[in-house]
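Colleague: Take a look at the letters that make up each chain.
Protein chains: 2
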Amino acid sequence: MSPKITTELLKQLRQVMKSPKYVQEPVQAYIVPSGDAHQSEYIAPCDCRRAFISGFDGSAGTAIVTDQHAAMWTDGRYFLQAAHQMDNNWTLMKMGLKDTPTQEDWLVSVLPEGSKVGVDPFIIPADQWKRMSKALRSAGHDLVPVKENLIDTIWTDCPQRPCKPLITLDLSYTGVSWKDKIAALRSKMAERKVVWFVITALDEVAWLFNLRGSDVEYNPVFFAYAVIGMNTIRLFIDGDRMMDPAVREHLQLDSTLEPEFKIQVVPYGSVLSELQAVGAGLSPKDKVWLSDKASYALTEAIPKAYRYLTPYTPICIAKAVKNASETEGMRRAHIKDAVALCEVFHWLEKEVPKGTVTEIIAADKAEEFRSQQKDFVELSFATISSTGPNGAIIHYKPVPETNRTLSVNEIYLLDSGAQYKDGTTDVTRTMHFGTPSAYEKECFTYVLKGHIAVSAAIFPNGTKGHLLDSFARSALWDCGLDYLHGTGHGVGSFLNVHEGPCGISYKTFADEPLEAGMIVSDEPGYYEDGSFGIRIENVVLVIPAETKYNFKNRGSLTFEPLTLVPIQTKMIDVNLLTQKECNWVDDYHQKCREVVGAELERQGRHEALQWLIRETEPLLRTQ
Amino acid sequence: MSPKITTELLKQLRQVMKSPKYVQEPVQAYIVPSGDAHQSEYIAPCDCRRAFISGFDGSAGTAIVTDQHAAMWTDGRYFLQAAHQMDNNWTLMKMGLKDTPTQEDWLVSVLPEGSKVGVDPFIIPADQWKRMSKALRSAGHDLVPVKENLIDTIWTDCPQRPCKPLITLDLSYTGVSWKDKIAALRSKMAERKVVWFVITALDEVAWLFNLRGSDVEYNPVFFAYAVIGMNTIRLFIDGDRMMDPAVREHLQLDSTLEPEFKIQVVPYGSVLSELQAVGAGLSPKDKVWLSDKASYALTEAIPKAYRYLTPYTPICIAKAVKNASETEGMRRAHIKDAVALCEVFHWLEKEVPKGTVTEIIAADKAEEFRSQQKDFVELSFATISSTGPNGAIIHYKPVPETNRTLSVNEIYLLDSGAQYKDGTTDVTRTMHFGTPSAYEKECFTYVLKGHIAVSAAIFPNGTKGHLLDSFARSALWDCGLDYLHGTGHGVGSFLNVHEGPCGISYKTFADEPLEAGMIVSDEPGYYEDGSFGIRIENVVLVIPAETKYNFKNRGSLTFEPLTLVPIQTKMIDVNLLTQKECNWVDDYHQKCREVVGAELERQGRHEALQWLIRETEPLLRTQ
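Each protein sequence line maps, in turn, to chains A and B. Residue numbers for the first sequence follow the UniProt record's numbering, so the first one is 1 and each next one is one higher. Residue numbers for the second sequence follow the UniProt record's numbering, so the first one is 1 and each next one is one higher.
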C-alpha cells in the first residue's frame with residue numbers, strides 16, 4: 001500500500017480557500033469531516049471527500065488543512081492504516097493518546113490571530129459546530145460555513161450521487177407497519193409537545209418506512225430525508241424510485257388514505273428550503289425535534305427558540321429494541337451466516353496448507369458461501385481478512401499491494417458479515433491452521449475470557465453498556481495487555497452494522513441503557529503490532545436474566561449469542577480458563593452443533609457438518 | 001426520628017417569595033441547594049438552609065418550593081433517611097431511579113406559564129445555573145438570582161458564621177511549601193495564558209497555603225477565597241486569625257519577600273466587589289480561570305469573554321496526587337486508626353453480649369480510642385454506627401430517637417474516620433458478635449469479592465476510575481443483588497474525606513484518570529431494607545503495578561490498601577471465594593498483623609493485640 005501523493009491537491013485546496021469565487025473571505029483552515037449530509041458512518045463514493053484529499057479511507061477520521069499544515073485525526077483502529085495511506089504532507093493525530101491535541105486546541109496553536117476556519121455546513125453536525133465554534137471564538141477565531149464544498153470544487157472526477165431502486169419489507173420482516181411506526185412517533189411527539197420531527201439519518205428514514213436501498217455500499221439505505229408533522233408526512237427523495245409499483249403500493253401513494261398518512265414526495269435537494277419554510281411558519285409555542293447530530297445547515301433552518309434537540313431521536317431508540325419478528329429474523333440470518341462460515345473454515349483448513357490462498361481469495365470465498373444463502377443481499381461491511389502482521393491493523397481490508405498468503409505458520413483473522421433480508425450479521429473468528437505458539441494461545445485465551453465475561457454478564461435493568469466494557473479487559477489487564485477499541489456496538493436489523501444508541505465502550509458517550517431486545521456485538525481483541533491480531537466477536541441479544549434474588553424485582557439482563565460459529569479450541573490454553581468459562585465454551589459449542597448442524601444437514605452440506613462436529617468437541621480439561 | 005413539621009415555615013417562605021422587600025418580582029418557585037457559597041459538601045450550621053426548611057439533613061439534596069409543592073431530590077444513600085425526616089408537605093424525588101423527573105422537568109410540569117424561579121446566586125454553581133436556566137428558558141420560564149437568601153430572611157435563630165483559629169502545617173506534613181505551590185500554579189496559568197486564578201473551594205485554599213481550620217465540622221477548612229495573579233496573591237479571610245504570630249510567620253506576612261509572594265489579606269465579604277474590579281480591569285486577551293462549579297455570582301463578576309472555566313482546577317488535580325510526605329503521613333494515620341479500631345472491636349466483642357452497648361455508645365467509644373492517638377484532630381465525618389435495620393440506611397447517624405442496642409443477633413456496621421495532622425481516614429467494617437445467618441454470610445462474601453476485585457484490579461495508565469466500578473458489583477449482580485451508591489471517592493490528606501477529581505462510580509462524571517499517588521476509597525456494600533447493611537471499606541493508594549507484559553511500556557496501576565483493619569472472617573463463606581481471593585484475604589490479614597501488631601505492641605495495648613492476632617488467622621479452606 002503506497003501513500004497517496006497529495007502535494008498538488010493540497011495546493012489546489014489552499015488556492016480555493018482564498019478564492020472569492022467560493023469564500024466570502026479567505027479561510028485560513030478548512031475542515032473535512034468524515035461524514036455526509038446525513039452524518040453517516042459509511043458513505044457513498046461521491047461523499048468520500050476526506051479520503052480524496054488525504055488518501056486515508058478508514059471509516060472514521062477528520063482532516064484539517066491550513067495554509068501550512070495538513071492533519072488527520074483518527075482513532076486506534078486506524079493508526080497503522082492511516083500512517084500507510086497518507087504521504088508526508090500529513091500529520092497523523094492519534095486520538096485517545098494522552099498527548100494528542102484536540103482539533104480545536106491544535107487549530108488554536110497553529111492559526112494566526114483572528115483566523116477564519118471554514119467547513120461545509122451540511123456535513124458538520126450541529127453539536128460539533130457548536131463545540132468547535134465556541135472553542136475557536138474564545139481564542140479569537142471564527143468558524144464559518146462555506147456553502148460550496150471546497151473539496152468538490154477541486155474533485156474533477158467526483159462520481160455521481162447514487163440513486164438505486166428500493167426494496168420494500170413486509171410485516172413478516174418488520175413486525176410493525178410504517179403507519180404504526182408513524183403513529184407511535186406522533187405519540188412521542190405529543191408527549192414532548194413537538195409539532196414537527198425532522199429525520200436526517202438514512203437508517204432512520206429506511207426503518208420508519210420499512211424500505212431499504214443500496215445507495216451506500218454495505219448499508220441498505222437510500223438518500224432521503226423525512227419531515228413528519230402531526231398531520232403531514234414529507235419524504236424527500238430523488239429519481240424515479242417512486243415510480244416503482246411495489247414502492248407505490250407499499251407506501252399506499254395511490255390509495256385513498258386517512259389524510260394524516262398521506263405521503264408527500266418532495267425532491268431530495270429541496271429539504272433546506274422546505275425546512276426554512278417550516279421554520280418561518282411556526283407559532284410561538286411550537287417545537288421542532290431534531291437530532292443534535294443533524295447538520296448545522298438544517299439545524300439553523302429552525303430558529304433557535306423552536307428547536308428541540310436530543311442526542312438520540314425516538315426512532316433511533318425504537319429501532320434499537322428489536323421486536324419478535326426482527327429478533328426471529330436475526331436468528332435465522334445468523335444460522336445461515338454460520339453455515340457459510342463453517343463452509344469457509346472447512347475449505348480454508350483444506351486449502352491453506354497448499355499455499356495458494358491469499359487474504360483476498362479467502363474474503364471472496366466467504367462472500368461466495370454467504371451469497372448461496374437465502375435472502376442474501378450484500379456484505380454488511382468490507383471483509384477484514386488478515387493474516388500475520390496484517391491482523392494487527394484493526395480495520396484492515398486486503399488490497400493487492402498488501403495481500404498476504406495464508407499459511408500454517410500465522411494466525412488468520414476473519415471479521416465479516418452480511419446483509420440478509422431478515423437480518424444483519426457481523427462475526428470475527430481467529431484461526432490457526434498449524435500449531436499456535438504458547439504466547440499466541442495465551443493472548444487468545446485472555447481475549448476469550450473477556451468475551452465470555454461480557455457474554456455471561458448479568459446486570460440490573462437500567463445498566464448502560466459502558467459499565468460492562470472493563471469486564472472484557474480484566475483478564476488482559478492482569479497480564480499487562482489491552483486493546484485500543486471499544487468492546488461492542490449496536491447492530492441493525494437488515495440495516496447498518498453499526499447503530500446507536502447503545503454500545504459497550506470505555507469511551508464515555510451518551511449511551512442509552514441496555515434493554516431486552518437490543519442487539520450489540522461483543523468483540524474484545526488483542527493486537528501485537530508487526531506480528532498478529534486476535535479478535536473474537538459474536539453478535540448478542542439482550543435478554544432478561546434469571547437470578548437468585550432478582551434485584552428486588554428491578555429485574556436483570558444478560559446476553560444470548562446470536563452468532564453460532566465455533567471458537568477454535570486449538571487456540572485455547574485450557575489451563576487459563578476457570579471451570580465456569582470451560583462450561584461456557586462447551587455449552588456454546590453444543591448449541592452451535594445442534595442449531596447450525598441441523599441447518600447444514602438440511603442444506604446437505606455434509607463435509608462442513610463433519611467439520612462443525614469436530615470443532616465443537618468439548619474441551620479437554622487437564623484437571 | 002420524627003419528621004420536622006414545616007407547614008408554618010413553608011407558609012413564611014411562600015410569603016417572602018412574593019415580598020417586594022426581597023424579590024424584584026414574585027417568584028413562583030425557590031430553589032434551596034445543599035451547598036454553601038464555596039459549593040462545599042459539608043457545610044457550617046449557618047449554611048444548613050435546606051435542612052432548616054425541610055428537616056432532611058443528609059449531605060446531599062436539593063429542595064424546591066413552589067406555591068403549591070415542596071420537593072426534595074436526593075440519592076440512594078438517603079432515600080430512607082429523607083423519608084423519615086420530612087413531613088407530608090414534602091415529596092421525595094429519588095434520584096437515579098428511572099421514573100424520577102429531573103428538577104428542570106419537574107419545574108416545567110408544575111409551574112404556571114411564564115414563571116420566575118429564584119435561587120441565591122452565591123449558592124448555585126455556575127454550571128448548574130447554566131443548565132437549569134437553559135431548560136427553564138426553553139419552556140418559557142426564567143431563572144432569576146435573588147440576592148438576599150430567602151431562607152435566611154425567615155431563619156430567625158440562624159447561627160453565626162464560624163471563624164476559628166488556623167493550624168499551620170510545616171514541610172514535614174505537606175512536602176511542598178505554599179510558595180512552591182503558588183509558583184507551580186503560576187506556571188500552569190502561564191501554559192493556559194491565564195492572568196488571574198480564582199479559588200473558591202475551601203479545601204483548595206487550605207491546601208494551597210498549607211493551612212487548616214475548623215470552621216466546618218469534620219473538614220479542616222476555613223472560610224476564605226483566594227485570587228492569584230502572576231504577581232499578586234489576595235487572601236479573602238475574616239477575623240483576627242491573621243493576628244496569630246504562627247500564621248503570620250507561616251505566611252511571611254511581616255517578612256521582606258519577593259513582591260510576587262507578598263500576600264494581601266482582604267476581608268472575606270469583599271470578594272465580589274474585588275472580583276468585579278478585576279473583571280473591569282482586564283485587557284482584551286486576558287483570561288480568568290475559575291472552576292465551572294464556582295458560584296454563579298462570582299462567575300458573573302468576570303465578563304463572559306474573559307472566563308476560562310474548567311471542571312477541575314489545577315489545584316484540585318495537584319492536591320489529589322499525594323507526594324511522598326503526604327503518602328507517608330497517610331500511612332501513619334491509617335496505622336494509628338487501625339490501633340484505635342482494634343481496641344473498639346475488641347471492646348465491643350466483650351461488651352455487646354452484656355446488652356448495654358448502643359449505637360451511640362459504640363460511636364463514642366470509637367472516637368475515644370481515636371482521640372488517644374498522636375496528632376488526632378477530630379473525626380472526618382459523622383460516625384455511622386448502625387445495627388440491624390439501621391444498617392440499611394446508608395448514611396445513618398445514630399440519634400437518641402433511633403439509637404439501637406447492639407446484640408449478638410444483628411449485624412453491626414461501623415463506618416468511621418478521623419482527621420489526624422498527618423492524614424485523613426475512612427474505614428467501614430461489618431461485624432457480627434454472634435452467629436451470622438447463611439444469607440448474611442452469602443451477602444457479605446459477595447461484597448467482599450467486589451471489594452477485592454477493585455483492590456486487586458490492574459489497569460493501564462490513563463484509566464478512569466468509573467471503569468472499575470462494575471468490578472465491585474459483578475459478584476452481587478450474578479445473584480441479583482446491587483447497591484445504590486458509588487464504589488469509591490477521593491480522600492484528602494488531612495483535608496476533606498470526599499474530594500475530587502477522581503472516584504469509582506457507575507455515575508458518568510468528568511473524573512480525571514487515576515494516577516499513582518491518588519488516594520480513593522473502595523467501599524462496595526449491600527443493604528437489605530428493614531434488616532441489615534453490609535459495607536467493606538478500605539482507603540487505597542494508587543501505585544504502579546507490575547505485569548507480565550507491561551502494556552508495551554504504557555505502564556499500569558493497581559491499589560495498595562492503606563486501611564489495615566481485619567475483615568471479620570466469621571462473616572465469610574469461604575466456599576464462595578476463589579483461591580486467589582482467599583490468598584488476598586490471608587495476605588491482607590498478614591500485613592495487618594505485622595504492621596498494626598507492631599504499633600499495638602509499641603503502645604502496650606496487649607489485649608487488642610491478642611484480638612488482632614486472632615482476627616488475622618488464615619482462612620480455613622474447605623478444599
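Incorrect hints may appear among the rest.
The list treats identical chains as one, so a pair stands whether inside a single copy or across any two.
What the hints assert, rightly or not - Subject to a maximum C-alpha distance of 25 Å in a straight line, what follows is the list of computed PhoX-like cross-link-like pairs (lysine-lysine): (1) 552 to 507; (2) 507 to 464; (3) 188 to 98; (4) 374 to 507; (5) 507 to 94; (6) 134 to 304; (7) 354 to 193; (8) 98 to 548.
Note that these hints are calculated values from the structure, not bench results. Remember, it's a predicted structure, so these values are computed and weren't measured experimentally.
Colleague: Compare the structure with each hint and give your call.
Modeller: Going down the list of hints, with the structure as the test:
1. Only between protomers do residue 552 and residue 507 lie at most 25 Å apart by alpha-carbon distance; the minimum there is 21 Å, versus 30 Å within a single protomer.
2. Taking identical chains as interchangeable, the C-alpha atoms of residue 507 and residue 464 lie at most 25 Å apart whether they share a chain (12 Å) or sit on different chains (10 Å).
3. Within a single copy, residue 188 and residue 98 get their C-alpha atoms only as close as 41 Å, which misses the 25 Å cut-off; across copies the closest is 17 Å, which meets it.
4. For the homomeric pair residue 374 and residue 507, neither the shortest alpha-carbon distance inside one copy (38 Å) nor that between copies (45 Å) is at most 25 Å.
5. With identical chains, the CA atoms of residue 507 and residue 94 are at most 25 Å apart within one copy only, with a shortest distance of 15 Å there and 28 Å across copies.
6. In this homomeric assembly, residue 134 and residue 304 come within 25 Å of each other (Cα to Cα) both inside a single copy, at 16 Å, and across copies, at 12 Å.
7. Proximity of residue 354 to residue 193 under the C-alpha cut-off of 25 Å is found in neither arrangement, the shortest distances being 67 Å within a copy and 65 Å between copies.
8. Taking identical chains as interchangeable, the C-alpha atoms of residue 98 and residue 548 lie at most 25 Å apart only when they sit on different chains, with a minimum of 23 Å there against 43 Å within one chain.
When each numbered hint is compared with the structure, violations occur for hints 4 and 7.
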